[in-house]
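J.: Here are the chains, one letter per residue:
There are 2 protein chains.
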Amino acid sequence: MARPTPLSGFPEWLPDGRVVEQHVLDVLRRTFELHGFAGIETRAVEPLDQLLRKGETSKEVYVLRRLHEDPDAAPERSGQLGLHFDLTVPFARYVLENAGHLAFPFRRYQIQKVWRGERPQDGRFREFVQADIDVVGAGALPYHYEVELPLVMADALGALADLGVPPVRILVNNRKVAEGFYRGLGLDDVEAVLRGIDKLDKVGPEAVADLLVAEAGATPAQAAACLELAAVHGSDASVVDRVRELADRHGASTELLEEGLLELGALVTAAAERAPGVLVADLKIARGLDYYTGSVYETVLVGHEDLGSICSGGRYDTLASDGATTYPGVGLSIGVSRLVSRLLSAGLVRATRSVPTAVLVAVTSEEGRSRSDAVAAALRARGVPVEVAPSAAKFGKQIRHADRRGIPYVWFVGDADQDGAPGQDQVKDIRSGEQVPADPATWTPPEQDLWPRVVAAG
Amino acid sequence: MARPTPLSGFPEWLPDGRVVEQHVLDVLRRTFELHGFAGIETRAVEPLDQLLRKGETSKEVYVLRRLHEDPDAAPERSGQLGLHFDLTVPFARYVLENAGHLAFPFRRYQIQKVWRGERPQDGRFREFVQADIDVVGAGALPYHYEVELPLVMADALGALADLGVPPVRILVNNRKVAEGFYRGLGLDDVEAVLRGIDKLDKVGPEAVADLLVAEAGATPAQAAACLELAAVHGSDASVVDRVRELADRHGASTELLEEGLLELGALVTAAAERAPGVLVADLKIARGLDYYTGSVYETVLVGHEDLGSICSGGRYDTLASDGATTYPGVGLSIGVSRLVSRLLSAGLVRATRSVPTAVLVAVTSEEGRSRSDAVAAALRARGVPVEVAPSAAKFGKQIRHADRRGIPYVWFVGDADQDGAPGQDQVKDIRSGEQVPADPATWTPPEQDLWPRVVAAG
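First to last, the protein sequences are chains A and B.
1 is the number of the first residue of the first sequence in the UniProt record's numbering; add one for each residue after it.
1 is the number of the first residue of the second sequence in the UniProt record's numbering; add one for each residue after it.
Looking at chain A on its own, in the form it has when it is part of the complex (with noise of 0.2 Å):
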């Protein structure tokens, strides 16, 4: 076999990449479950009907068949099976499918992988990880948890930069904002409004005026008018009285544009208190799945901007329904594998190494080999991380190995004397060359040498 080569859009790290990837997920789920998300997990597949719901993304769905599967056979009773694009096609799946054994509102998180067929390209990948909450009513949903989940997002990639993954920006803005504007301007093609808008960044404002008069029926002053809206940022409630001077002075106030600057204020109110500085309302912020109905979310990495959203969501009213009863939602989305591959291509942050070994054991010789793995069982029961060395190699390779991995100690066992006892054991820090007396069954490496810990590179 030759040596392979990697396939584009499905990235893989090396082991010290993957302990910084881990090492992101933990502290994700941790945070998530310290705000009361439980974990759920769904399967991979998803009916294809259920995926292509949503025409926009059915372009990019794998759709799975059974290599020996009998092209004249009945269908599967279960009809043709695709991966998931995200982890939200395949929640409103589950909450209908358990609806009876949930307790709503219902608040989960969820960490898997998604596929999506796509070209990739910096940042945008085949199979990707993805780290989603939600919230999900029965029914009904109050506001609150519109202005809960971004805070609870800023929680968890504030809490990365203990890592050196570098401050977030997260964006909001309100579709009923935006929505209650245009109607007043007597816009009624909202969501040509908002498709438009949504190119902003990629081709200016010009082009997008241009857009607006041409698909979405706008007068080039009804244009101009949604691009001051877009304008309009700021990470205080002062932005809700620039949003009102602009509506009174296009005579575009409506209920519906009023009720979304309530909840966009109440939204940055709290945000100023409880996250200083990291939630921005950006009244350009247009996403653009149609299914939002609220409260909409994108997250820059400050300073990567370049990257797109690494974290992105907003208020559903319907994520999904039975017919009796329609279950609204909030949520959002952490772009695991763009974030972690920005962090390592960009060398943001590194492992401190790339095992989890804290401790090497190494062997005398190959008859005395069930001594070390003694000492070895004597350190994990007390939770030190701990191998033995392949081979009774002259304590020069030995060393030279843990050095190799990054594996901080060497522990050398004592020979025996001639009654049978024991020696006395040593340790040693290879980085140092400190080599000090020590008992397996007391001795402990220093809190910041137990495990691989991701800091700050450079």
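All copies of an identical chain are treated as equivalent in the list; a pair is satisfied when it fits inside any one copy or across any two copies.
Under the rule of at most 20 Å between Cα atoms (straight-line distance), these lysine to aspartate or glutamate pairs were calculated in the EDC-like manner:
| # | residue 1 | residue 2 |
| --- | --- | --- |
| 1 | K113 | D26 |
| 2 | K397 | D425 |
| 3 | K397 | D429 |
| 4 | K199 | D189 |
Derived from the structure by calculation, the hints contain no laboratory data.
Using the hints provided, position chain B relative to the given structure of chain A.
T.: Just chain B now, kept in the frame of chain A:
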């Protein structure tokens, strides 16, 4: 959308089942890391030609295509892709692809989902989680790893006993013993003999004897000798003596047999010391796969032998080869989904609650929600998982909200006095009804209530 129904073979757990699964995974991961195994993940897909190298499983592979793939377009450069059906094939590819960046012997664990398009049965799924450990060498790999790896699994599975998981028995054999004995008898189609012996538990000794005569070219006497060997089992080195005696009697002693017996004896002796009662030499263990060349392992959950093996593996001399270097290895794989599904379906273990939340902070009025949020933040900052009540309902309803989720504590924020000074908070253990004054800056629940635990049921 009508209520969806589960897909046969694609297990999913309710939140309390997921607590159990996550706990099992956490214990396995911690044990593997304490033994110095580095965690890696590989992509879910491999080129189809790689998946089909071991012909036996080819019928089980799920093949991928993009929904809107142009059937006339040139195939993707990487060729057709399929979902991996185990973690060994991807690991072999990962080792070859990254050999220049890995330090050998390379110890890795890998916990991921795999997919097989098989007919679903009890304990046999189409999507399931495996937890694998392997040590792989470059060029050579000493025998002592064949002793170490099943003992790591004994440690990992033993650590689950605290959760209420029944004890396990790891059955070991050595291919060299089997092959050496068969060849000593004059049977050269070793694979055919192994295939026959592998069916022993299913069809019984008479049918296997017939098979050996019909398919392995054995005389009835040779077949009887093979069955005599397969009947040998025991947990100390006396099994070695019994096999030697058997070989002498049948004139079947060979160098290969003796080499295998020395290895098997070393394994049984070490296991008797380090994991008493867990490992049993069982000479009928054949393992279907023809790439094993030394030790082979299977594991049964005591009292649940009908479930089949929950942890299998062995030594293989050629995990992978790039022409210049061959990579021998030894590894075992736990069928986590098989194990967890039995734990849940047989009611062997249960989670103490289905949500991480230890404390529900009650809300007195929506205007006062920010005070409840502040209490929650103070508790979380000290590592207590908390959520805030969804609405300012009557306290009785808020307590029921906690009770339905198994949240043990409800926190009541004290009313501020007329001067705005904060009132005295109270925390109620809703199981006992006991309510005491508490300060969010200092109060902590008892250790056993802090996080959900997994305990023996009943």
